[in-house]
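**Student:** As a plain string of letters, each chain reads:
Protein chains: 2
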Amino acid sequence: MSTKPTVGFVGLGAMGFGMATHLVKQGYPVKGFDVFEKSRERFREAGGVAVSSLRESAEGNSYYVCMVASAPQVQEVLFNKESGIINVLPQDATFLLCSTVPSSYAQSVAQQLKEHGRDDIYFIDSPVSGGAKRAADGTLSIMAGASDAALEKGKFLLQEMSDSNKLYLVPGGIGAGSNMKMVHQVLAGIHILGASEAMGLAARLGLDAKETADAIINSEAWTWMHENRFPRMLEEDWNPGASALTIILKDVGIITATARLHNFPTPLSSTAEQTYLTGVLFGYGPKDDSAMVRLYFPDPIAQVSSTKSAAEKATALNLVKNLLVNVNIVAAAEAIGCARYLKVDMQQFYGLVNEAAGASAQFKSRGAEMIEGLKDGEAPAGTLTVDDAVKELSTVVAEARQLNCPLHLAGEALSLFTFAQRRGYGREAAASVLKVWEK
Amino acid sequence: MSTKPTVGFVGLGAMGFGMATHLVKQGYPVKGFDVFEKSRERFREAGGVAVSSLRESAEGNSYYVCMVASAPQVQEVLFNKESGIINVLPQDATFLLCSTVPSSYAQSVAQQLKEHGRDDIYFIDSPVSGGAKRAADGTLSIMAGASDAALEKGKFLLQEMSDSNKLYLVPGGIGAGSNMKMVHQVLAGIHILGASEAMGLAARLGLDAKETADAIINSEAWTWMHENRFPRMLEEDWNPGASALTIILKDVGIITATARLHNFPTPLSSTAEQTYLTGVLFGYGPKDDSAMVRLYFPDPIAQVSSTKSAAEKATALNLVKNLLVNVNIVAAAEAIGCARYLKVDMQQFYGLVNEAAGASAQFKSRGAEMIEGLKDGEAPAGTLTVDDAVKELSTVVAEARQLNCPLHLAGEALSLFTFAQRRGYGREAAASVLKVWEK
Numbered sequence: 001m002s003t004k005p006t007v008g009f010v011g012l013g014a015m016g017f018g019m020a021t022h023l024v025k026q027g028y029p030v031k032g033f034d035v036f037e038k039s040r041e042r043f044r045e046a047g048g049v050a051v052s053s054l055r056e057s058a059e060g061n062s063y064y065v066c067m068v069a070s071a072p073q074v075q076e077v078l079f080n081k082e083s084g085i086i087n088v089l090p091q092d093a094t095f096l097l098c099s100t101v102p103s104s105y106a107q108s109v110a111q112q113l114k115e116h117g118r119d120d121i122y123f124i125d126s127p128v129s130g131g132a133k134r135a136a137d138g139t140l141s142i143m144a145g146a147s148d149a150a151l152e153k154g155k156f157l158l159q160e161m162s163d164s165n166k167l168y169l170v171p172g173g174i175g176a177g178s179n180m181k182m183v184h185q186v187l188a189g190i191h192i193l194g195a196s197e198a199m200g201l202a203a204r205l206g207l208d209a210k211e212t213a214d215a216i217i218n219s220e221a222w223t224w225m226h227e228n229r230f231p232r233m234l235e236e237d238w239n240p241g242a243s244a245l246t247i248i249l250k251d252v253g254i255i256t257a258t259a260r261l262h263n264f265p266t267p268l269s270s271t272a273e274q275t276y277l278t279g280v281l282f283g284y285g286p287k288d289d290s291a292m293v294r295l296y297f298p299d300p301i302a303q304v305s306s307t308k309s310a311a312e313k314a315t316a317l318n319l320v321k322n323l324l325v326n327v328n329i330v331a332a333a334e335a336i337g338c339a340r341y342l343k344v345d346m347q348q349f350y351g352l353v354n355e356a357a358g359a360s361a362q363f364k365s366r367g368a369e370m371i372e373g374l375k376d377g378e379a380p381a382g383t384l385t386v387d388d389a390v391k392e393l394s395t396v397v398a399e400a401r402q403l404n405c406p407l408h409l410a411g412e413a414l415s416l417f418t419f420a421q422r423r424g425y426g427r428e429a430a431a432s433v434l435k436v437w438e439k
Numbered sequence: 001m002s003t004k005p006t007v008g009f010v011g012l013g014a015m016g017f018g019m020a021t022h023l024v025k026q027g028y029p030v031k032g033f034d035v036f037e038k039s040r041e042r043f044r045e046a047g048g049v050a051v052s053s054l055r056e057s058a059e060g061n062s063y064y065v066c067m068v069a070s071a072p073q074v075q076e077v078l079f080n081k082e083s084g085i086i087n088v089l090p091q092d093a094t095f096l097l098c099s100t101v102p103s104s105y106a107q108s109v110a111q112q113l114k115e116h117g118r119d120d121i122y123f124i125d126s127p128v129s130g131g132a133k134r135a136a137d138g139t140l141s142i143m144a145g146a147s148d149a150a151l152e153k154g155k156f157l158l159q160e161m162s163d164s165n166k167l168y169l170v171p172g173g174i175g176a177g178s179n180m181k182m183v184h185q186v187l188a189g190i191h192i193l194g195a196s197e198a199m200g201l202a203a204r205l206g207l208d209a210k211e212t213a214d215a216i217i218n219s220e221a222w223t224w225m226h227e228n229r230f231p232r233m234l235e236e237d238w239n240p241g242a243s244a245l246t247i248i249l250k251d252v253g254i255i256t257a258t259a260r261l262h263n264f265p266t267p268l269s270s271t272a273e274q275t276y277l278t279g280v281l282f283g284y285g286p287k288d289d290s291a292m293v294r295l296y297f298p299d300p301i302a303q304v305s306s307t308k309s310a311a312e313k314a315t316a317l318n319l320v321k322n323l324l325v326n327v328n329i330v331a332a333a334e335a336i337g338c339a340r341y342l343k344v345d346m347q348q349f350y351g352l353v354n355e356a357a358g359a360s361a362q363f364k365s366r367g368a369e370m371i372e373g374l375k376d377g378e379a380p381a382g383t384l385t386v387d388d389a390v391k392e393l394s395t396v397v398a399e400a401r402q403l404n405c406p407l408h409l410a411g412e413a414l415s416l417f418t419f420a421q422r423r424g425y426g427r428e429a430a431a432s433v434l435k436v437w438e439k
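Protein chains in written order, with our numbering: chain A, 1 to 439; chain B, 1 to 439.
Bear in mind the hints are in silico, worked out from the structure with no lab data behind them. There could be a bad hint or two in this list.
You can't tell identical chains apart in this list, so a pair holds if it fits in one copy or across any two.
Below 27 Å or equal to it, Euclidean Cα-Cα: the simulated BS3-like pairs (lysine-lysine) are [said to hold, decoys possible]: (1) K391 with K250; (2) K391 with K439; (3) K250 with K38; (4) K153 with K25; (5) K439 with K375; (6) K375 with K435; (7) K391 with K343; (8) K435 with K210; (9) K364 with K343; (10) K25 with K313; (11) K391 with K435; (12) K391 with K166; (13) K364 with K166.
Extracted from the complex, chain A is given alone in its bound form (with noise of 0.2 Å):
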């Protein structure tokens, strides 16, 4: 008989199969919930108690885990007046809020409770980041936001849920994690994207898929999500989709949406929201993200088979990287800002960046640079400037358009930079882009 005490799950998706049934295997009884049977069966059949009603997930259950897809899912799970779990959830009971939500959203949230006389309920905004195969693992990050009562209360199971030193404690309580979560996603958004500009660019220039992919991974263009997606994306592996694009999709809108009640511009993180919007227009809604693809190059890339030289190969290869880390660099600027407008602890997001699925070589290091203070005047010899960040994106753009091929990222970083330049910054490092969000 377990001794551990059973915990009740909502949204048995990609991410929260892999939690709930992680949670299984640690020896908690959890009772899950999901409104497809698929999902539900799925999850008996990985050993869990997959139960028919949010009812019966919540009822008698101290622990509750939330990782159902949007706001407006979260408002039904808790708040639907006739199955809303806020009835059914004991006295003092814990609930972790996974799901990721605006920070106004997760504020919210704590209202109601109080309106509904559920402040008894310890609340924590969680939202986690790692992938399916790191919920699985339980070794996801989570940046939890909360009083210190329902920390304490709720901890051992975001310690189940979160690598030894990727479960973050965010200052500020409810919000915070959630805040934290989406200047994460900054980097997130904009990566995912920048994954498939540039195997579509790669494509075009005739370059053979795998070996590109691997030459970016193993160089400074490389991100987590670069990583994560290039398998798919080359095997186009995109259903059910590990990540669908109305997932991303979703993130960003909160990024950009939070950006405008603050007039604060986030304007590759825009470019990105209005590429996938194209996405979903073609059909690419509920495929893998890595589908986005298809907006660069109209074939499987894998079956492109390269004719080039070697020589012809590293010129074309060097483009594609040129590519990604001019715009990975201003993707830090855009998050970077951002986290320091929203007043986010930056050394806390500095660390938990490098350690998630947001990192990129360019962040550790120009958002180093950026976060510790950016240097006036010229740059030491050797070191990329916002000059040659200009140059070195002119060339990619002019040599996509010849292939007809779009960069909505290289095109809007390009931009910047070259607002950069005009503003005098053309000799310092490239990381004082930055400065174009600066007053």
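Since the structure of chain A is already known, use the hints to place chain B on it.
**Tutor:** The following block gives chain B in isolation, referenced to the frame of chain A:
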């Protein structure tokens, strides 16, 4: 018997056919050539002399008009080793290059004529604007740059093809005409996409397409391009296309390539270019450019039948008009910033745009403010400010997002207005968005 000189003509496409047949109607013997037999036949039926080789179109003719689609085609027409017409044009012939080409290419033509020992040719760099109908009526806008001697020789022919008050002799010699056309096309390239973006959003909002088109045309959101494209967009009359998508894409490509050369940012043109490239990817390249509406709404917009109340309609329509007004302001800023940077005669530019296909209500009013010199400090009450523009565009973008409608131009314009706001121009007139381009 005609006393008018024979005119050689190459390029009998949508524009060229109109120009050549208009000359025929004016009593000129015109020897026209086109690579497509179908185009030659159509010209023959319209009373022209359709010749079956480039050589025949040029041999013995002291006046020659080139209206092919692109710089590489011009290069073939003039300098192909075997068929190039510099081998057959008579001594002291007058050559009108009416194609839209980069100004740097127009200058290289002058250089190449010299190198081939043919600087006896009176060469005029004279791109045109106004669409197929005005081409056929002989009421085009023409921007002509050349030596005084060449202009002297060719002026009568330019006058035949242009409206009496729309022949602009652009100071600066060869290249100046093309530069003027290019900065004019900044507006054209953005407005054409704006037409699709606005009508796509209107359809998503459930507005009647015809009513919306009429309302836009009779408002501050008016542009020449909207008025011109809406009928074709509604009828889905996309073949063969009076203005193929590839044509405006080529023109926008000239803008962004020239901008890259000068390190001048053209973010809205760049956004338009990437979106047009996406249109090409989905098969709209050879269609009329109004087919771009499909990248915003999946079905024929004319099929949308509105079930809204009058009040709901008014609110929705206001969103669509706000979108266009604010995008058109940024388009004006980008065009004027670019023109000023290239040292274009601003008064001539202003007059020309207002009479040509780049015209818009916003360019006319706020463009005048921008050219006369922006006022610093708070705008008088009742003026649309940068803050207002941010607010209006935020509302539009948020609403469109709810409907899964991409808004490429509006998203980019919002970023630019928000940058202006962050730089402290929030309470200045909306025209101050131009300051984002300043050093």
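**Student:** Now look at each hint and say whether the structure bears it out.
**Tutor:** Going through the hints against the structure:
| no. | hint | in the structure |
| --- | --- | --- |
| 1 | K391 with K250 | between (34 Å within a copy, 22 Å between copies) |
| 2 | K391 with K439 | both (26 Å within a copy, 19 Å between copies) |
| 3 | K250 with K38 | within (24 Å within a copy, 50 Å between copies) |
| 4 | K153 with K25 | within (21 Å within a copy, 89 Å between copies) |
| 5 | K439 with K375 | both (17 Å within a copy, 20 Å between copies) |
| 6 | K375 with K435 | both (11 Å within a copy, 25 Å between copies) |
| 7 | K391 with K343 | between (33 Å within a copy, 23 Å between copies) |
| 8 | K435 with K210 | neither (37 Å within a copy, 45 Å between copies) |
| 9 | K364 with K343 | within (20 Å within a copy, 43 Å between copies) |
| 10 | K25 with K313 | neither (47 Å within a copy, 56 Å between copies) |
| 11 | K391 with K435 | both (19 Å within a copy, 24 Å between copies) |
| 12 | K391 with K166 | neither (38 Å within a copy, 39 Å between copies) |
| 13 | K364 with K166 | within (17 Å within a copy, 57 Å between copies) |
In this structure, the earlier hints numbered 8, 10, 12 are contradicted, and the remaining ones agree with it.
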